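Novice: Read off the chains here:
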Amino acid sequence: ETGVTQTPRHLVMGMTNKKSLKCEQHLGHNAMYWYKQSAKKPLELMFVYSLEERVENNSVPSRFSPECPNSSHLFLHLHTLQPEDSALYLCASSQDRDGGRDTQYFGPGTRLTVL
Amino acid sequence: DAKTTQPPSMDCAEGRAANLPCNHSTISGNEYVYWYRQIHSQGPQYIIHGLKNNETNEMASLIITEDRKSSTLILPHATLRDTAVYYCIVRGRDFGNEKLTFGTGTRLTIIP
Numbered sequence: 001e002t003g004v005t006q007t008p009r010h011l012v013m014g015m016t017n018k019k020s021l022k023c024e025q026h027l028g029h030n031a032m033y034w035y036k037q038s039a040k041k042p043l044e045l046m047f048v049y050s051l052e053e054r055v056e057n058n059s060v061p062s063r064f065s066p067e068c069p070n071s072s073h074l075f076l077h078l079h080t081l082q083p084e085d086s087a088l089y090l091c092a093s094s095q096d097r098d099g100g101r102d103t104q105y106f107g108p109g110t111r112l113t114v115l
Numbered sequence: 001d002a003k004t005t006q007p008p009s010m011d012c013a014e015g016r017a018a019n020l021p022c023n024h025s026t027i028s029g030n031e032y033v034y035w036y037r038q039i040h041s042q043g044p045q046y047i048i049h050g051l052k053n054n055e056t057n058e059m060a061s062l063i064i065t066e067d068r069k070s071s072t073l074i075l076p077h078a079t080l081r082d083t084a085v086y087y088c089i090v091r092g093r094d095f096g097n098e099k100l101t102f103g104t105g106t107r108l109t110i111i112p
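These protein sequence lines map, in sequence, to chains E and B. Following this note's numbering, the numbering of the first sequence begins with 1 at its first residue and continues without gaps. Following this note's numbering, the numbering of the second sequence begins with 1 at its first residue and continues without gaps.
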């Protein structure tokens, strides 16, 4: 499935590095999401963008900085991460309509390891 | 807090129908039942969703009880590639109530 793509698929970084995760959706959607999935924990919603504006930020530490330059692309900029930030980072997209948000479709995820 | 209850694990023989139950006794009138699955270390894959009528697509069927307090996902002819964790999720589609809350799901193992 190529509806939502994420790069890189795997990333290993040190605590002092700066890196970025990229997500691209090819579904014509206008809402995009970042989720975090730690080992043996449910998905946690981090950020929601609708029409390129951030509409939700679930108390995420400032070392995670999202960017949505257009409705097809979403970035997550990482700096000064901690080992406990190691997780699977998932991007999703959906269509916002007047009646609410439709089904979310997920990308394959980026497996992040912080040393 | 998860709004759904699922058995932690199930086995199903290859080629047979896999029936995965889900209880959602506190579902409200405008909330949908969604099913996703997640193969190890991959992103969740959307399967199907419904409000009150039974639904069918190329992947599965969703049977929702008349009182909407429970549902069953049916994979009609399970294959080895259907081995995954299956999540039953209740969500609204109104802005602010569209959050996906994944519980622990059912780990389905297809036996050759």
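What the hints contain is simulated information worked out from the structure, not anything from laboratory work. Here the structure is a predicted model, which means the values were calculated and not measured. There's no promise every hint is true.
[Said to hold, decoys possible] One side of the interface only, derived from the structure: several residues of chain E facing chain B at Cβ under 8 Å:
#1 Pro42
#2 Leu43
#3 Leu45
#4 Phe64
#5 Ser86
#6 Leu90
#7 Gly100
#8 Arg101
#9 Asp102
#10 Gln104
#11 Phe106
#12 Gly107
#13 Pro108
#14 Gly109
#15 Arg111
[Said to hold, decoys possible] Listed next, with one range per pair, are the computed distances between beta-carbon atoms:
#16 Asn58(E) with Thr79(B): 29 to 39 Å
#17 Leu27(E) with Ser28(B): 38 to 48 Å
#18 Ile39(B) with Pro8(E): 16 to 26 Å
#19 Arg107(B) with Glu56(E): 45 to 55 Å
Yeah, the Cβ is synthetic: ideal placement off N, Cα and C, and Gly gets one too.
Novice: Now tell me if each hint is right for this structure.
Specialist: Consistency of the hints with the structure:
1. Pro42: 4 Å, holds
2. Leu43: Because about 5 Å separates Leu43(E) from the closest Cβ in chain B, which is inside the 8 Å limit, the hint holds.
3. Leu45: 6 Å, holds
4. Phe64: 18 Å, violated
5. Ser86: 13 Å, violated
6. Leu90: 5 Å, holds
7. Gly100: Status holds, d = 4 Å.
8. Arg101: 4 Å, holds
9. Asp102: With Cβ-Cβ at 7 Å, under 8 Å, it holds.
10. Gln104: Check passed: Cβ of Gln104(E) comes within 6 Å of chain B, closer than 8 Å.
11. Phe106: Nearest chain B Cβ about 4 Å off; hint holds.
12. Gly107: 5 Å, holds
13. Pro108: 5 Å, holds
14. Gly109: 5 Å, holds
15. Arg111: Interface hint status for Arg111(E): holds (7 Å vs cutoff 8 Å).
16. Asn58(E) with Thr79(B): 29 to 39 Å: 37 Å, holds
17. Leu27(E) with Ser28(B): 38 to 48 Å: 28 Å, violated
18. Ile39(B) with Pro8(E): 16 to 26 Å: Check passed, 19 Å falls within 16 to 26 Å.
19. Arg107(B) with Glu56(E): 45 to 55 Å: 30 Å, violated
Violated hints for the displayed structure, listed by number in ascending order: 4, 5, 17, 19.
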